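So the protein lines, in turn, are chains L and Z. Position one of the first sequence corresponds to residue 1 (my numbering), numbered consecutively onward. Position one of the second sequence corresponds to residue 1 (my numbering), numbered consecutively onward.
Hints are computed from structural coordinates only; laboratory data are not their basis. It is possible that some hints are incorrect.
No copy is singled out in the list; a pair is fine if it fits within one copy or between any two copies.
Said to hold, decoys possible - Taking lysine to any residue pairs in the SDA-like style, the calculated list, with each CA pair at most 20 Å apart, reads:
#1 K100 to L211
#2 K193 to R76
#3 K100 to R126
#4 K100 to F9
#5 K98 to W216
#6 K205 to L77
#7 K174 to A46
#8 K83 to P173
#9 K88 to K98
It should be emphasised that the depicted structure is a prediction, and the values quoted were computed from it without experimental measurement.
Number of protein chains: 2
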Amino acid sequence: MADNKQTIFSQGERETLHKVLAARRDMRHFVSGTSVSPEVMERLFAAAHMAPSVGLMQPWRFIRVQNDQLREDIARLVGEEIKTTANKVGPRKSEFLKLKLEGVRTCAQLVAVVLAPDDGTLLGRRTLPQEMALCSAACAIENMWLAARAENIGLGWVSLFDPQKLGALLHCPKEALPIALLCIGPVQEFYEKPMLVQEGWRDEKPLVGMLFEDRWPIEGETQ
Amino acid sequence: MADNKQTIFSQGERETLHKVLAARRDMRHFVSGTSVSPEVMERLFAAAHMAPSVGLMQPWRFIRVQNDQLREDIARLVGEEIKTTANKVGPRKSEFLKLKLEGVRTCAQLVAVVLAPDDGTLLGRRTLPQEMALCSAACAIENMWLAARAENIGLGWVSLFDPQKLGALLHCPKEALPIALLCIGPVQEFYEKPMLVQEGWRDEKPLVGMLFEDRWPIEGETQ
Numbered sequence: 001m002a003d004n005k006q007t008i009f010s011q012g013e014r015e016t017l018h019k020v021l022a023a024r025r026d027m028r029h030f031v032s033g034t035s036v037s038p039e040v041m042e043r044l045f046a047a048a049h050m051a052p053s054v055g056l057m058q059p060w061r062f063i064r065v066q067n068d069q070l071r072e073d074i075a076r077l078v079g080e081e082i083k084t085t086a087n088k089v090g091p092r093k094s095e096f097l098k099l100k101l102e103g104v105r106t107c108a109q110l111v112a113v114v115l116a117p118d119d120g121t122l123l124g125r126r127t128l129p130q131e132m133a134l135c136s137a138a139c140a141i142e143n144m145w146l147a148a149r150a151e152n153i154g155l156g157w158v159s160l161f162d163p164q165k166l167g168a169l170l171h172c173p174k175e176a177l178p179i180a181l182l183c184i185g186p187v188q189e190f191y192e193k194p195m196l197v198q199e200g201w202r203d204e205k206p207l208v209g210m211l212f213e214d215r216w217p218i219e220g221e222t223q
Numbered sequence: 001m002a003d004n005k006q007t008i009f010s011q012g013e014r015e016t017l018h019k020v021l022a023a024r025r026d027m028r029h030f031v032s033g034t035s036v037s038p039e040v041m042e043r044l045f046a047a048a049h050m051a052p053s054v055g056l057m058q059p060w061r062f063i064r065v066q067n068d069q070l071r072e073d074i075a076r077l078v079g080e081e082i083k084t085t086a087n088k089v090g091p092r093k094s095e096f097l098k099l100k101l102e103g104v105r106t107c108a109q110l111v112a113v114v115l116a117p118d119d120g121t122l123l124g125r126r127t128l129p130q131e132m133a134l135c136s137a138a139c140a141i142e143n144m145w146l147a148a149r150a151e152n153i154g155l156g157w158v159s160l161f162d163p164q165k166l167g168a169l170l171h172c173p174k175e176a177l178p179i180a181l182l183c184i185g186p187v188q189e190f191y192e193k194p195m196l197v198q199e200g201w202r203d204e205k206p207l208v209g210m211l212f213e214d215r216w217p218i219e220g221e222t223q
């Protein structure tokens, strides 16, 4: 859209960005029977593709799920993983099972994000190869997420799946790694707070305990 | 900033977001002897902290490098890694060594981002624990990056370092993983294209080859 990379952003534009950042939510509740226009989907993918990537490797791949049977198979896979996780959360199992953790069946558009097989890029990833590829793909998803919120539609990143089984459903090569099921579409309303906070599952921690100077803090020391 | 999560964004606001996404660059050239005001740094960290995280684990930790000797030690570490990488890139070694790959000494503010030791969060990361924590921290960095661009200052994510050695310099616990050195500060101008494209190191690939339907493409097949 903008061609001039020297753009000077105004205070109003900065505030718009922060408004989008603050309003973005990880959505699990969608309005079923809705759709997302091709133009909107195009803008979401364009946003993702503008992401940074280490060594310019652009490791993100997007698989739009259009086939109903495939979507159903994916929903079952997610259901399996929710059960497996439930059996591991211990005393909070029943509380866990009450959470709505995915919108695979009801969202307007389901998109799988897959980390491409390693292309051998060395620049900036000699010491952290898999990590930096993952981080690049995550930046693309965050861009898409913000773009979705700016379109007033929801997006939820579901990671409750066995990556090998999801890869098999999507016919991915063995060296590729599915990292996200993005549920995208219209929502009744956006959560006021992160859904896990709203449901009493977990509290948010403030930034203050995560921001240090010159070194990791000595245990018990407040910075 | 925005308190109402039900905000309906306008077309103008959407365009502002896409303008920021398009203007963001991975910067390596900074204006030395400059500074970033505390208010701006606060907005950048606030943007980062608004990121999504799997199971709400918020695994990002930020270490602001204020000590000059520490910054110099980090710059040397990055210099070592550049040499090591140069010896592995093969025939393009001299071309590689001409690239400016970091702005550790010249940027106004250096910030290390560290992945916190695993807190045991299970929700959404039973099958991909390290991967999902990394992705969450990467989303925080992307938020910060966009916020920096909207402040009209540069940010570069340097990953040319040995994470163990950087962790030692920052006194991180063994279970923590440094993933980024963020060079932040005023720049003379933003690159028109990604610097690696501008310098002829690598071309960008178009989105079209990364967007599939229902399955990973069969080799040789155009979708």
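With identical chains, the pair K83 and P173 could be close in the same copy or across copies; at 20 Å between alpha carbons, which is it: within, between, both, or neither?
Result: close neither inside a copy nor across copies, 27 Å intra and 34 Å inter.
Given identical chains, is K205 near L77, meaning Cα to Cα at most 20 Å, within a copy, between copies, both, or neither?
Neither. Shortest intra-copy (32 Å) and inter-copy (32 Å) distances fail the 20 Å Cα cut-off.
Check K174 against A46 for me: Cα-Cα at most 20 Å, and say if that holds within a copy, between copies, both or neither.
neither (27 Å within a copy, 39 Å between copies)
Quick one: K98 to W216, C-alpha cut-off 20 Å, is that within a copy, between copies, both, or neither?
The answer is neither: 37 Å in one copy and 34 Å across copies each exceed 20 Å.
Tell me, please, which holds for K100 and L211 at an alpha-carbon limit of 20 Å: within, between, both or neither?
neither (32 Å within a copy, 29 Å between copies)
Is it within, between, both, or neither for K193 and R76, if the alpha carbons may be no more than 20 Å apart?
The answer is neither: 28 Å in one copy and 43 Å across copies each exceed 20 Å.
K88 and K98: within-copy, between-copy, both or neither at 20 Å Cα:
For K88 and K98, the Cα distance is within 20 Å only inside one copy (15 Å; across copies 52 Å).
Classify it for me, K100 with R126: is the Cα-Cα distance of at most 20 Å met within a copy, between copies, both or neither?
between (40 Å within a copy, 17 Å between copies)
Please work out whether the CA atoms of K100 and F9 approach to 20 Å or closer within one copy, between two copies, in both situations, or in neither?
neither (39 Å within a copy, 26 Å between copies)
When each numbered hint is compared with the structure, violations occur for hints 1, 2, 4, 5, 6, 7, 8.
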